[in-house]
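Visitor: Protein chains in written order, with this note's numbering: chain G, 25 to 443; chain E, 25 to 443.
Since the hints were made in silico from the structure, they are not lab data.
For clarity, every value in this text was computed on a predicted model and none was experimentally measured.
Accuracy of the hints is not assured; some may be wrong.
All copies of an identical chain are treated as equivalent in the list; a pair is satisfied when it fits inside any one copy or across any two copies.
[What the hints assert, rightly or not] DSS-like mimics (lysine-lysine), calculated; alpha carbons at most 27 Å apart, straight line:
| hint | residue 1 | residue 2 |
| --- | --- | --- |
| 1 | 248 | 278 |
| 2 | 312 | 136 |
| 3 | 100 | 248 |
| 4 | 322 | 136 |
| 5 | 100 | 322 |
| 6 | 133 | 278 |
| 7 | 232 | 133 |
There are 2 protein chains.
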Amino acid sequence: MSLRERIQELGRQGLAASRSLALMDAGHKNRILRAMADGLLAREAEILAANAQDLAAAEAKGLSPAMLDRLRLDPKRLAAMAQGVREVADLPDPVGEELAAWERPNGLKIRKVRVPIGVIGIIYESRPNVTSDAAVLCFKSGNATILRGGSEAFHSNTAIAAALQEAGGAAGLPPHSIQLVPFTDRESVRHMAEMNEYLDLIIPRGGKGLIETVVRLARMPVIKHYDGICHVYVDAGADAAMAESILLNAKTTKPSACNAAETLLVHQDAAESFYARIIPVLTGAGVKLYGGPDLVEKYPGAVSPATEENYRTEYLDLGLSIKTVADLEAAVAHIQNYGSRHSEVIVTEYPEAAAAFLNAVDSAVVLWNASTRFNDGGEFGFGCEIGISTDKLHARGPMGLPELTSYKYQVTGTGQVRA
Amino acid sequence: MSLRERIQELGRQGLAASRSLALMDAGHKNRILRAMADGLLAREAEILAANAQDLAAAEAKGLSPAMLDRLRLDPKRLAAMAQGVREVADLPDPVGEELAAWERPNGLKIRKVRVPIGVIGIIYESRPNVTSDAAVLCFKSGNATILRGGSEAFHSNTAIAAALQEAGGAAGLPPHSIQLVPFTDRESVRHMAEMNEYLDLIIPRGGKGLIETVVRLARMPVIKHYDGICHVYVDAGADAAMAESILLNAKTTKPSACNAAETLLVHQDAAESFYARIIPVLTGAGVKLYGGPDLVEKYPGAVSPATEENYRTEYLDLGLSIKTVADLEAAVAHIQNYGSRHSEVIVTEYPEAAAAFLNAVDSAVVLWNASTRFNDGGEFGFGCEIGISTDKLHARGPMGLPELTSYKYQVTGTGQVRA
Chain G
25 MSLRERIQEL
35 GRQGLAASRS
45 LALMDAGHKN
55 RILRAMADGL
65 LAREAEILAA
75 NAQDLAAAEA
85 KGLSPAMLDR
95 LRLDPKRLAA
105 MAQGVREVAD
115 LPDPVGEELA
125 AWERPNGLKI
135 RKVRVPIGVI
145 GIIYESRPNV
155 TSDAAVLCFK
165 SGNATILRGG
175 SEAFHSNTAI
185 AAALQEAGGA
195 AGLPPHSIQL
205 VPFTDRESVR
215 HMAEMNEYLD
225 LIIPRGGKGL
235 IETVVRLARM
245 PVIKHYDGIC
255 HVYVDAGADA
265 AMAESILLNA
275 KTTKPSACNA
285 AETLLVHQDA
295 AESFYARIIP
305 VLTGAGVKLY
315 GGPDLVEKYP
325 GAVSPATEEN
335 YRTEYLDLGL
345 SIKTVADLEA
355 AVAHIQNYGS
365 RHSEVIVTEY
375 PEAAAAFLNA
385 VDSAVVLWNA
395 STRFNDGGEF
405 GFGCEIGIST
415 DKLHARGPMG
425 LPELTSYKYQ
435 VTGTGQVRA
Chain E
25 MSLRERIQEL
35 GRQGLAASRS
45 LALMDAGHKN
55 RILRAMADGL
65 LAREAEILAA
75 NAQDLAAAEA
85 KGLSPAMLDR
95 LRLDPKRLAA
105 MAQGVREVAD
115 LPDPVGEELA
125 AWERPNGLKI
135 RKVRVPIGVI
145 GIIYESRPNV
155 TSDAAVLCFK
165 SGNATILRGG
175 SEAFHSNTAI
185 AAALQEAGGA
195 AGLPPHSIQL
205 VPFTDRESVR
215 HMAEMNEYLD
225 LIIPRGGKGL
235 IETVVRLARM
245 PVIKHYDGIC
255 HVYVDAGADA
265 AMAESILLNA
275 KTTKPSACNA
285 AETLLVHQDA
295 AESFYARIIP
305 VLTGAGVKLY
315 GGPDLVEKYP
325 GAVSPATEEN
335 YRTEYLDLGL
345 SIKTVADLEA
355 AVAHIQNYGS
365 RHSEVIVTEY
375 PEAAAAFLNA
385 VDSAVVLWNA
395 STRFNDGGEF
405 GFGCEIGIST
415 DKLHARGPMG
425 LPELTSYKYQ
435 VTGTGQVRA
């Protein structure tokens with residue numbers, strides 16, 4: 025069998041499994057999920073041994089400390105993974121929910137009900153916890169998954185998938201509900217992306233290069249999680265202490281996150297006093313600053329000159345672009361031109377300014393007087409997330425279980441025919 | 025400027041227009057729509073002259089009568105087009121609708137509100153009414169459109185777009201809200217499909233070849249309207265007269281429609297008597313029948329032998345595949361293997377059988393005792409439709425105005441930062 029045929033076999037098997045999953049009741053799914061959580065803990069030794077094998081190979085290859093940290097599992101991280109599975113079991117089942125119902129003048133009764141999407145492909149990089157997180161979220165929402173993880177985490181992913189499959193299987197998980205692609209070469213991504221007869225959706229999780237490759241190849245819908253070039257706009261009407269607190273939170277608490285701030289925009293009327301306050305604080309927190317000529321002149325040493333490129337950069341570390349803007353409209357125009365439609369904040373005490381900003385800015389999450397870091401499934405109360413969509417179709421912003429479903433219309437008649 | 029640059033300029037202009045459209049209130053949009061309807065009628069002579077030019081060229085090229093009919097406009101069809109624009113004006117504006125609102129324990133208030141998608145590309149074939157229908161539906165839902173019609177209808181499309189742009193413009197339509205691509209070569213489709221920096225969505229409307237081309241090239245989401253291989257399943261518990269009426273309606277009232285039936289499945293217990301009733305009726309209605317050996321033997325001459333290929337065929341005319349199935353599960357399995365997830369009917373008096381069918385069959389619209397032909401935006405009460413999606417992501421089944429929108433989250437805080 026060629027590689028293509030072997031991947032297609034996974035697709036066929038996943039499709040068959042998805043038909044059983046679509047009809048499984050919530051109680052049964054939750055029992056299987058709890059068995060999976062137990063299974064992860066029961067196989068701790070095997071999973072950590074497999075992870076040690078991956079880590080040793082990654083160290084030998086000279087991967088960066090940040091990469092090694094993403095790859096690393098320990099008893100605490102494994103326990104968190106199992107706890108995540110239990111939390112998914114506790115969430116309400118989205119499948120079967122009635123989204124709308126109405127009756128037509130001819131007596132036809134129409135119900136719009138949530139159904140699973142079908143078979144979902146997940147293509148991801150080095151974090152082995154994605155194997156468990158993605159598989160259980162998709163399972164709870166009635167979908168079969170085909171997981172294709174990165175080569176660095178291959179042994180870890182294999183051990184985690186085996187634990188889920190075996191513990192789940194003993195509790196009634198249909199065969200092939202959760203399948204790990206046993207190949208990590210690039211061609212396997214291509215074959216997955218081309219088999220739109222079996223995969224209803226692909227979700228790539230990882231760097232921009234991976235996502236662009238999947239988008240280019242995919243013949244089925246892709247939900248993307250591109251970069252976050254998030255803005256904090258400090259309006260003329262801002263409370264300076266609140267603006268400082270929000271900016272520091274947005275920039276420094278997790279700079280590698282997509283919901284971290286990358287650019288500070290300041291209304292010209294607030295600029296002088298706010299810069300005097302914030303620049304020493306940011307510099308003290310280790311943030312590298314890039315600003316316009318006004319700032320470079322006023323704060324030589326502290327602020328480097330910003331190029332066009334700076335305003336399009338997702339630093340993913342402690343870098344911050346700064347720009348003084350004439351007014352709110354100029355802030356919105358900057359966000360439209362340079363932003364990635366992810367998360368943008370206005371800090372102001374003026375409700376009219378806030379309303380104008382929240383309406384005009386076309387981003388997944390727009391905030392008034394709160395940190396960009398709240399663009400997150402957990403913080404929204406979704407319990408968990410499969411990512412933060414930067415798309416505008418199907419799912420936008422934090423994705424929870426409902427975003428892993430579709431719908432169908434069930435129509436009940438008494439013999440009606442169309443005129 | 026190269027062709028690619030000229031198409032990209034349309035994209036840039038559409039993006040700028042979409043920002044104005046997103047903030048336009050419903051009253052203003054409706055005034056513009058009514059002006060557009062008037063504009064179509066005021067320019068009747070020009071539009072029909074342009075259409076006559078297209079028709080003459082199409083006749084000279086030897087296009088089929090069906091193709092010529094699709095292309096043809098007359099005063100009645102133009103009036104219907106204008107009336108469609110007025111009906112869109114009368115529909116509620118989806119933009120700004122609050123889809124959900126909740127408060128988090130930390131006091132953050134989250135609102136999920138409908139927003140336009142942005143810039144929508146429509147790629148279509150010979151029907152000139154799509155120019156108006158698609159443009160006004162997208163406009164009402166706050167989106168800019170870039171329309172790329174087929175070469176056969178080029179003069180008609182140009183005249184219709186000019187009428188909409190000029191009459192709309194005089195009433196306040198922002199420039200470039202509705203743009204017609206002035207090129208009809210294949211390369212223009214490629215350039216549109218590749219400019220995901222400007223287009224948020226592409227909707228191809230036309231034959232399977234066009235849709236497949238767009239899917240292969242597109243870097244942005246595509247909402248597809250593939251074929252309908254729709255089934256009528258006559259259960260053991262069917263009322264035979266109702267089954268006959270539904271089948272005839274589904275097969276013969278508009279066989280070229282995607283929601284027409286292509287395959288009849290009959291439970292073995294109902295087969296003998298139902299075939300004896302229906303086969304003469306179908307034959308009398310001019311329907312060509314393809315069935316299994318049982319049928320060919322019993323009705324020689326009336327029923328030709330069906331191959332595997334028959335059961336995968338969308339006839340688009342008066343052809344019908346027939347199969348006797350052992351039970352409801354076998355009917356569902358046949359639909360899963362051969363269907364296109366479009367519209368499927370069960371005819372039965374048994375509520376348990378109906379419930380099993382409506383739950384197990386994974387199609388956009390599943391019906392109990394009603395014709396497949398009800399899978400239609402108008403019949404669902406959506407007022408109008410941009411098509412019937414065969415996708416499972418974002419929109420499934422008949423698409424109305426809400427399906428042309430996205431959403432964003434507006435979050436209001438009092439200075440909250442994330443722990």
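Visitor: Looking back at the hints listed earlier, which ones does the structure fail to meet?
Guide: 2, 3, 4, 5 and 7
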